[in-house]
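Peer 1: With the hints as constraints, model all of the structure from the sequences given.
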Amino acid sequence: MKYLKKAKLIENTVITDDCRRLKLECPEIAAEAAPGQFVQVRTWDENGPLLSRPISIAGVSNDRKHIELWVRIVGKGTKAICSAGVGDEVTLTGPLGNGFKRPEAGELIYTAGGSLGAAPLRFFAQRFCGCGDLKCVCGAATACDMSIFDDPVIKSTGAVLTTDDGTMGKKGFVTDALNELLDEKAPDRIIACGPHAMLKAVAAIAAERRIKCEVSLDTYMSCGIGACMGCAVPMSAEYGKPYAHACTDGPVFDSKMIDWEAF
Amino acid sequence: MKYLKKAKLIENTVITDDCRRLKLECPEIAAEAAPGQFVQVRTWDENGPLLSRPISIAGVSNDRKHIELWVRIVGKGTKAICSAGVGDEVTLTGPLGNGFKRPEAGELIYTAGGSLGAAPLRFFAQRFCGCGDLKCVCGAATACDMSIFDDPVIKSTGAVLTTDDGTMGKKGFVTDALNELLDEKAPDRIIACGPHAMLKAVAAIAAERRIKCEVSLDTYMSCGIGACMGCAVPMSAEYGKPYAHACTDGPVFDSKMIDWEAF
Amino acid sequence: MNKPDLSVKIGNLTLKNPVLVSSGTFGYGWEFSDFYDVGMLGGIVTKAITPLPRPGNPPPRTIETPAGLLNAIGLENCGLEAFIKEKLPFLGGLDTAVIVNVAGAGEDDYDKVVSELADNKDVDAFEINISCPNVKEGGIEFGTSPASASRLIGKLRKKTKKTIIAKLSPNVTDPSEIAIAVEDAGSDAISMVNTFRGMAIDAETGRPVLGNVTGGLSGPAIKPLALYQIYRVSLKVKTPIIGMGGITSAADAIEFVYAGAAAVSVGTANLVNPAAAKEILDGMEEYCIRKEISNIGDIIGKAH
Amino acid sequence: MNKPDLSVKIGNLTLKNPVLVSSGTFGYGWEFSDFYDVGMLGGIVTKAITPLPRPGNPPPRTIETPAGLLNAIGLENCGLEAFIKEKLPFLGGLDTAVIVNVAGAGEDDYDKVVSELADNKDVDAFEINISCPNVKEGGIEFGTSPASASRLIGKLRKKTKKTIIAKLSPNVTDPSEIAIAVEDAGSDAISMVNTFRGMAIDAETGRPVLGNVTGGLSGPAIKPLALYQIYRVSLKVKTPIIGMGGITSAADAIEFVYAGAAAVSVGTANLVNPAAAKEILDGMEEYCIRKEISNIGDIIGKAH
Ligand SMILES: Cc1cc2nc3c(=O)[nH]c(=O)nc-3n(C[C@H](O)[C@H](O)[C@H](O)COP(=O)(O)OP(=O)(O)OC[C@H]3O[C@@H](n4cnc5c(N)ncnc54)[C@H](O)[C@@H]3O)c2cc1C
Ligand SMILES: Cc1cc2nc3c(=O)[nH]c(=O)nc-3n(C[C@H](O)[C@H](O)[C@H](O)COP(=O)(O)OP(=O)(O)OC[C@H]3O[C@@H](n4cnc5c(N)ncnc54)[C@H](O)[C@@H]3O)c2cc1C
Ligand SMILES: Cc1cc2nc3c(=O)[nH]c(=O)nc-3n(C[C@H](O)[C@H](O)[C@H](O)COP(=O)(O)O)c2cc1C
Ligand SMILES: Cc1cc2nc3c(=O)[nH]c(=O)nc-3n(C[C@H](O)[C@H](O)[C@H](O)COP(=O)(O)O)c2cc1C
Ligand code: FES
Ligand code: FES
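For the protein sequence lines, the chains are X, P, H and Z, in the order given. Using the numbering used here, you'd call the opening residue of the first sequence number 1 and step up by one each time. Using the numbering used here, you'd call the opening residue of the second sequence number 1 and step up by one each time. Using the numbering used here, you'd call the opening residue of the third sequence number 1 and step up by one each time. Using the numbering used here, you'd call the opening residue of the fourth sequence number 1 and step up by one each time.
For the record, the hints were derived by calculation from the structure and aren't laboratory data. Even for Gly, the Cβ is constructed at its ideal location relative to N, Cα and C. The reader is advised that the hints may include incorrect statements.
As the list claims (entries may be wrong) - Chain P regions said to be covered by chain Z (calculated; three or more residues, Cβ under 8 Å):
| # | stretch |
| --- | --- |
| 1 | 1-11 |
| 2 | 41-54 |
| 3 | 227-234 |
| 4 | 237-245 |
As the list claims (entries may be wrong) - Calculated lysine-lysine pairs in the BS3-like style (CA-CA distance at most 25 Å, straight line):
| # | chain 1 | residue 1 | chain 2 | residue 2 |
| --- | --- | --- | --- | --- |
| 5 | Z | 278 | P | 5 |
| 6 | X | 8 | P | 76 |
| 7 | X | 8 | P | 79 |
| 8 | P | 76 | X | 6 |
| 9 | X | 79 | P | 8 |
| 10 | P | 8 | Z | 278 |
| 11 | H | 112 | X | 241 |
| 12 | X | 79 | P | 6 |
| 13 | P | 6 | X | 76 |
| 14 | H | 9 | H | 236 |
Peer 2: Now the structure itself:
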């Protein structure tokens, strides 16, 4: 079931210069959310952009009353969202989309998160910690962004932290650290979320090593509920249809189903 | 000289549910502002309406560094303006338009302000108190709006306060109280600002009693600087041209020059 | 006051209220059924149906512009057969008018869809999309020439007794010409506007943003343009007009009725707020009660 | 990098940079001179000039719409004589191109203004407004028929050696037709777009908002539509295009250049922010430096 709700903003925490952590009261969505799903967010009526903005669910409180969102300010929508004040009402539609597959008992899973792409993986770790065996890699461009990963759930996974420029953590890309893990032992599955180039690289690694891999895609969306056909993702021949829709068939896809050349 | 400036918001005070008093730091505009002039105001970049909004200057601080604006929330522009926070930058263009004529020594002037229309009259009183002899009437619809007039300058003029419904002050319209004053003694000039219907009524009273009268009009404006010809005001034959422009020829007009039937 | 009468007659079809949802912005109806009972609407217009499935255009397919949405979906749809099997049963079970938006690359395509559904009990009307700006083969051509629009509608008129609504293109010098042509050819109603042709360019790369290069603009940005076209066309035709283009609130919808629309249709607003159409319907009823308008028909075209 | 070369040739006129300000949105130039040195612009296009003064339309003349501005000024202007006496001297004293926007109720009116100013040293070019949606007598008619547009431009071509720019209406099925017609008739350049026909209705009263009932829409709302028309027309004509329609930032202006505009013109943005045109010019220069574009001409039409 999808809900359209006014949720109260409970906390709005500065993570970095341009990232915020929002805690929102929305028991209906919190109760049904699964890792990898997202919500459509609006904090404006007239004085704002047209469309709502899709944001991954980064976690759910233990009492299943609140959801957590991690948002980076990149334009006018995210700017408006991040400047909402505690106590304000935020309009949410969700939970939307298909999340990551549930881990099976004993399944070994490597997660690779690039920057805020860590958000849905963090929810995965929060929800399924214990169900499978999780090893996490989180990468950022530079030290300034490392506080994104300064989070109890991420810490509890013992995640390997990298920065592209080596200003903090391990120097190198997320994929370098992932490759190191893979060299040690092949997992049952890789799950990844982050910038497009990173996902493409992870998909290539998984394909080469013949490991099952799920990626959570960030495509331009309009409705988020399957009504507009706007969020087309070019698929490989194997998928059977030329396009899938990120908001209903995804945002989590089996990486080998995606036509990475066309995308 | 007109200025385009980013002014710092120094105070944002709640006057009534939907009215705010803003104090802005803008020495250039403050130094040159005259009562009856206005500024174009913007507090938004992308997330807001298109046009700036015209607001009368309600006063200037003694050190001529700050201007004061009184704003009522009626739509999206005024809503955005009134939700600006202390310390925020507000974009101002001004001072714009032609103000009220300066009082001559000993000139007896009655001012009639309807609701927030009192703002430019308050600036007039502040600037010229002592230059002429001022008697003021301020009217509001109901008691809730009376705190607009709870202002040291207005109080110092000993203004007669009215409410349409008699919930506070004298019961009746501003024009009733004005008529009472006029019955006592005819002034040299009436100056008025307020809702359209009130100005029309004041103009009729002045015409009938053959008293000079200036009104500050509230017309729809786009540029505020004489560039678009948008703010046309239909004028009487005497004026010589069918239309005047509120932003450059006004907003203060000699009431008998206006074609009140067409307006 | 009693509940106002909001019903509207369009051809031989009576809509229980004047709020429809526009083709391509409401999926096949069930996508919104978690949010409210979509059967409460006056009618649901489906995504364009073509005889065979269409994959649609390469992404990106949509991009937001100031107060607007550019789209170039390219008529992606599951095709007639899957529509009948998978989508129509849900729609047919609702207590609302089901209006099938029909598109195609040539006259035969339209003919095929209308003929096949002509006697289907779950279908109440056809909206003939002669105005899609996002497919190269056809669509828009019918919509910019009175002669070909008239020929197409005339042909379809012979195939069905159900209500036919011609959906006009706003990208013409004078939409009244096409409106008169399709009215004469037997269209029971006109719906307007479809999207305005537009495009977006990425200043950083200098390249068009949409996969299809150009697209169609919808949303609040086009509201003044749509109102004008409806105002103008309603002076020239007698058939009812279904008005759309940027309707986001009940006040917007009421403006379209004053301009000359007998019914209104909510498009992009559904994508922004999935409960938009319901809120607009509720708001129109409140408006009529507040203004003591006992029959919405009384204010149609009253801005003239 | 050195300063990029931003100059543009339009007919026999060289603009020192590609940023103009649009007719009707910049008064007669001096209205903005408190805010910056308007002589820094590539050119200033005056409010439309008619032989005799025009009072303009009854108010309200403008109303804001979502991301747009509807106007129906009705070509209010002081007339040719007062223009020459009161407005032109200031403009002539600036180190920028002075482009007189010419309008009228019939061919004779255009003829009169152009003939009178044909040898005036303070005038650099004429923009022939065949596309004003807000006067009933003429204007728009020339703009919607290739034949009459061509006849008018042909006639004016004989009257002056100065650069002639035909300003097209976007309210047509295919603006390329008119563009080709005026190019053949001797227009040195094309400027587009003028405003899109629109209207606003007050939901409370049910009445049109504008005194003139209908008006023209400008501002960011129309940017995608303007970009599209310029992209399309630039494929069909060789004369330079002056692009406008919703340009508010340097990025917007750059998009118009990629779409095919040789120069850009800032309209409604001047009303919103009196320093808009200067900021856009500064931003375009910065863009060229950042992207190492040594000559703005190199990117014209590169979105194709
Ligand atoms: C399923 C999904 C989950 C997401 N989860 C998160 C999240 O957890 N945290 C987070 O901060 N962001 C997330 N995003 C991205 C977020 O939706 C965009 O950053 C946001 O929509 C941009 O809106 P804006 O108004 O701030 O930017 P705009 O002003 O619209 O654009 C600014 C820039 O961002 C680009 N952009 C706009 N929309 C998108 C988009 N959907 N994807 C990629 N680039 C875009 C534009 O092209 C432009 O360059 C997610 C997106 C999707 C589809
Ligand atoms: C010279 C001048 C001085 C003014 N001084 C003050 C002042 O000191 N304090 C103050 O609060 N307001 C003042 N106003 C009015 C103020 O400019 C409008 O209330 C404001 O522009 C409305 O913008 P909005 O976005 O909030 O409303 P919108 O959302 O644009 O509209 C809301 C409602 O207000 C009406 N409206 C919009 N603009 C105007 C306008 N310019 N005049 C009248 N009605 C309008 C609309 O028709 C609509 O009904 C002044 C106006 C002028 C022209
Ligand atoms: C994403 C999207 C898809 C659309 N698909 C169709 C379609 O398949 N057939 C059609 O006739 N109109 C289609 N339209 C046009 C709408 O039905 C409507 O005419 C237009 O969007 C204007 O209304 P609006 O501004 O309320 O959206 C589509 C519009 C959008 C935004
Ligand atoms: C208030 C106003 C007045 C205008 N007057 C004229 C005019 O006199 N002549 C003309 O050719 N165009 C006129 N225009 C159209 C503009 O020059 C320009 O073509 C149009 O506004 C689109 O650009 P924009 O979106 O940047 O404003 C006017 C536009 C506005 C907003
Ligand atoms: S965003 Fe509308 S269908 Fe996916
Ligand atoms: S508001 Fe533009 S001329 Fe007065």
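Peer 1: Taking the numbered hints from earlier one at a time, note which ones the structure violates and give those numbers from smallest to largest.
Peer 2: Every hint satisfied by this model.
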